[in-house]
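Protein chains in written order, with this note's numbering: chain Z, 1 to 294; chain U, 1 to 304.
In short, the hints are calculated from the structure, not lab data. Fair warning: there could be bad hints in the mix.
For lysine-lysine, the following DSSO-like pairs were computed, each having C-alpha atoms within a straight-line distance of at most 27 Å [as the list claims (entries may be wrong)]:
no., chain 1, residue 1, chain 2, residue 2
1, U, Lys249, Z, Lys54
2, Z, Lys54, U, Lys44
3, U, Lys289, Z, Lys54
4, Z, Lys112, Z, Lys16
5, Z, Lys25, U, Lys249
6, Z, Lys54, U, Lys39
Quick list of simulated restraints, FRET-style, between CB atoms [what the hints assert, rightly or not]:
no., chain 1, residue 1, chain 2, residue 2, range
7, U, Asp103, Z, Val150, 48 to 54 Å
8, U, Ala41, Z, Lys243, 41 to 47 Å
9, U, Lys13, Z, Leu12, 46 to 52 Å
Glycine included, C-beta positions come from ideal geometry on N, C-alpha and C.
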Amino acid sequence: MAAAKQKGKQRLAVAKTYKIYIGGKFPRTESARYYPLEDQQGNVIANVCRSSRKDFRNAMVAARAAQAGWAGTSAYLRGQILYRIAEMLEGRREQFVSELRLQGVPARAAEKEVDLAIDRLVYFAGWADKYQQVFSSVNPVSSAHFNFSVLEPTGVVAILAPESSGLLGLVSNIAPTIVGGNSCVVLAAESLPLSAISFAEVLHSSDVPGGVVNLLTGFRSELSGQFASHMDVNAVVYCDGGKKTAQAVQEAAADNIKRVIRRTGLNWDDDSTQHPYLVRDTQEVKTTWHPIGV
Amino acid sequence: MQLVSNKLPDLSKVPTVDEVGVDERVARFQSRSIKTESKVAALKLILSMIDLTTLEGQDTPGKVRQLCQKAIHLHDAMPGLPHVAAVCVYPTMVGVARKTLGDRDINVASVATAFPSGQAPLSVKLDDTRMAVDAGASEIDMVISRGEFLAGNYGLVFDEIVAVKEACGEAHLKVILETGELGTLDRVRRASELAMHAGADFIKTSTGKIQPAATMQVTLVMLQAIRDFYYDTGRMVGMKPAGGISTAKLAVHYLVMLRETLGNAWMTPDWFRFGASSLANDVLMQLQKQATGVYQSADYFSKD
Numbered sequence: 001m002a003a004a005k006q007k008g009k010q011r012l013a014v015a016k017t018y019k020i021y022i023g024g025k026f027p028r029t030e031s032a033r034y035y036p037l038e039d040q041q042g043n044v045i046a047n048v049c050r051s052s053r054k055d056f057r058n059a060m061v062a063a064r065a066a067q068a069g070w071a072g073t074s075a076y077l078r079g080q081i082l083y084r085i086a087e088m089l090e091g092r093r094e095q096f097v098s099e100l101r102l103q104g105v106p107a108r109a110a111e112k113e114v115d116l117a118i119d120r121l122v123y124f125a126g127w128a129d130k131y132q133q134v135f136s137s138v139n140p141v142s143s144a145h146f147n148f149s150v151l152e153p154t155g156v157v158a159i160l161a162p163e164s165s166g167l168l169g170l171v172s173n174i175a176p177t178i179v180g181g182n183s184c185v186v187l188a189a190e191s192l193p194l195s196a197i198s199f200a201e202v203l204h205s206s207d208v209p210g211g212v213v214n215l216l217t218g219f220r221s222e223l224s225g226q227f228a229s230h231m232d233v234n235a236v237v238y239c240d241g242g243k244k245t246a247q248a249v250q251e252a253a254a255d256n257i258k259r260v261i262r263r264t265g266l267n268w269d270d271d272s273t274q275h276p277y278l279v280r281d282t283q284e285v286k287t288t289w290h291p292i293g294v
Numbered sequence: 001m002q003l004v005s006n007k008l009p010d011l012s013k014v015p016t017v018d019e020v021g022v023d024e025r026v027a028r029f030q031s032r033s034i035k036t037e038s039k040v041a042a043l044k045l046i047l048s049m050i051d052l053t054t055l056e057g058q059d060t061p062g063k064v065r066q067l068c069q070k071a072i073h074l075h076d077a078m079p080g081l082p083h084v085a086a087v088c089v090y091p092t093m094v095g096v097a098r099k100t101l102g103d104r105d106i107n108v109a110s111v112a113t114a115f116p117s118g119q120a121p122l123s124v125k126l127d128d129t130r131m132a133v134d135a136g137a138s139e140i141d142m143v144i145s146r147g148e149f150l151a152g153n154y155g156l157v158f159d160e161i162v163a164v165k166e167a168c169g170e171a172h173l174k175v176i177l178e179t180g181e182l183g184t185l186d187r188v189r190r191a192s193e194l195a196m197h198a199g200a201d202f203i204k205t206s207t208g209k210i211q212p213a214a215t216m217q218v219t220l221v222m223l224q225a226i227r228d229f230y231y232d233t234g235r236m237v238g239m240k241p242a243g244g245i246s247t248a249k250l251a252v253h254y255l256v257m258l259r260e261t262l263g264n265a266w267m268t269p270d271w272f273r274f275g276a277s278s279l280a281n282d283v284l285m286q287l288q289k290q291a292t293g294v295y296q297s298a299d300y301f302s303k304d
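Chain Z extracted, bound-state conformation:
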């Protein structure tokens, strides 16, 4: 900068506009509202979209439209695509590390978080064509039936991502949801939203069909009620948040008996938060009674 000043030319920095991700596109919030994100010194580092309930509604339409096609792809292909996301994230490792640091995460921790996020994607990519075998069953019944239970994706999952972990927590909730054939609408962490939007760019270049993952930024207090009450949501995952949020989400979700999955107080760095039960959480069990020879 100093050298440039001496020559009398000063280059203007090109700041990134952080927009939301709906149906494979990056629109601004329809409400035209935003909130400033500050670093620890109080400098504004980005203006972040403050999504409205209409943005959520639009994202739901995109997620619903994409779900059947995504569920219809082979497990093998879904695994490959998840692995592709990991590859893309690996290629942009430095960007994600510096973005986490910008949001106040210490250097070591930032590097560890990005590495773990990549590894976690590979982990769930591996489960794509295996969770069905582990969780399905042939059931003994006392009649002339062949009786078996298999998993099916629940549909569209609304996710309130962890407040504590901007990238790893986000990835740890999205990956098990989509690997099982669901689509999702995700509200990024309010205080750590930048990685989420950059992660959307990674998804966008990883053969994930538009609409399978939709990412919003904004205020939890404003949107959690909508996430829980929208009748087209099949399951709502909420991470962190106090007792009040928990109660509000569960009450609103009761209207059409959504599946409610609570993931609070988890340490996403830990191996204990890496298991196939996260996949099963957003699956429905279908049991078939098939008559056999009389």
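Fit chain U to the given chain Z structure using the hints.
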């Protein structure tokens, strides 16, 4: 048949259409702010203007009966809803539809005249029309011969409409211009004038089988033609956009356009219809959203 095309107006005198102006006017209709109460009233009006339609090769009597049940029971969980204006089917299905609807105040509309292409001799078209009317259709949706129109045989197209109108007897005649095949707004305007002078009770944009189907631009041009025809002759003609109007929001934009082009006199099912199949459920979902404050899911509304 006696030729009547000497009543055909001089179509070279029909005003030309400013396409840029139409685009800008249409954009304005879509930027109106509509408050909650007005929105609910508009949604109910839209429901009452819908011609619930099934026009598929795979239509069966069972499918048509199901559609009629949908027309009768739009969403019984919500009291105070109007019923749709009509059920629109192929001529062979008119009898089934009329029987299922009974003596309810829901019309049976039938497409006729070798729908959707209109490529058949006039005698076949007239038989098609008479058969539908005899089976109980009170509204006939005919297609014009686009090929003849584009070739400049306006007199022939005019005579056909007059003949079909005669074959309709008491039944209302809607004339489908199939604007997606006409190409320019100027031709849409000319075809509108031709159809109205030939005796159309309604003019209708599309069959729904050709893309683009109804657009706001095309509909505005037709509404303007209706307005000018009314000033010239004192006769009101109805309008029916059909095909591609599947969301409540878009339908409300059409109502705004109707209100600001033709005024309140046309804001009834007698003078304006939507030809649609999936629009009804979206309107119902919006009404339910207004009542409960919660966004709705198609899972909880009966399919037609």
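So, going through the hints one by one against the coordinates:
no., hint, in the structure
1, U:Lys249 <-> Z:Lys54, "holds (13 Å)"
2, Z:Lys54 <-> U:Lys44, "holds (22 Å)"
3, U:Lys289 <-> Z:Lys54, "holds (13 Å)"
4, Z:Lys112 <-> Z:Lys16, "holds (24 Å)"
5, Z:Lys25 <-> U:Lys249, "holds (21 Å)"
6, Z:Lys54 <-> U:Lys39, "holds (16 Å)"
7, U:Asp103 <-> Z:Val150: 48 to 54 Å, "holds (50 Å)"
8, U:Ala41 <-> Z:Lys243: 41 to 47 Å, "holds (42 Å)"
9, U:Lys13 <-> Z:Leu12: 46 to 52 Å, "violated (59 Å)"
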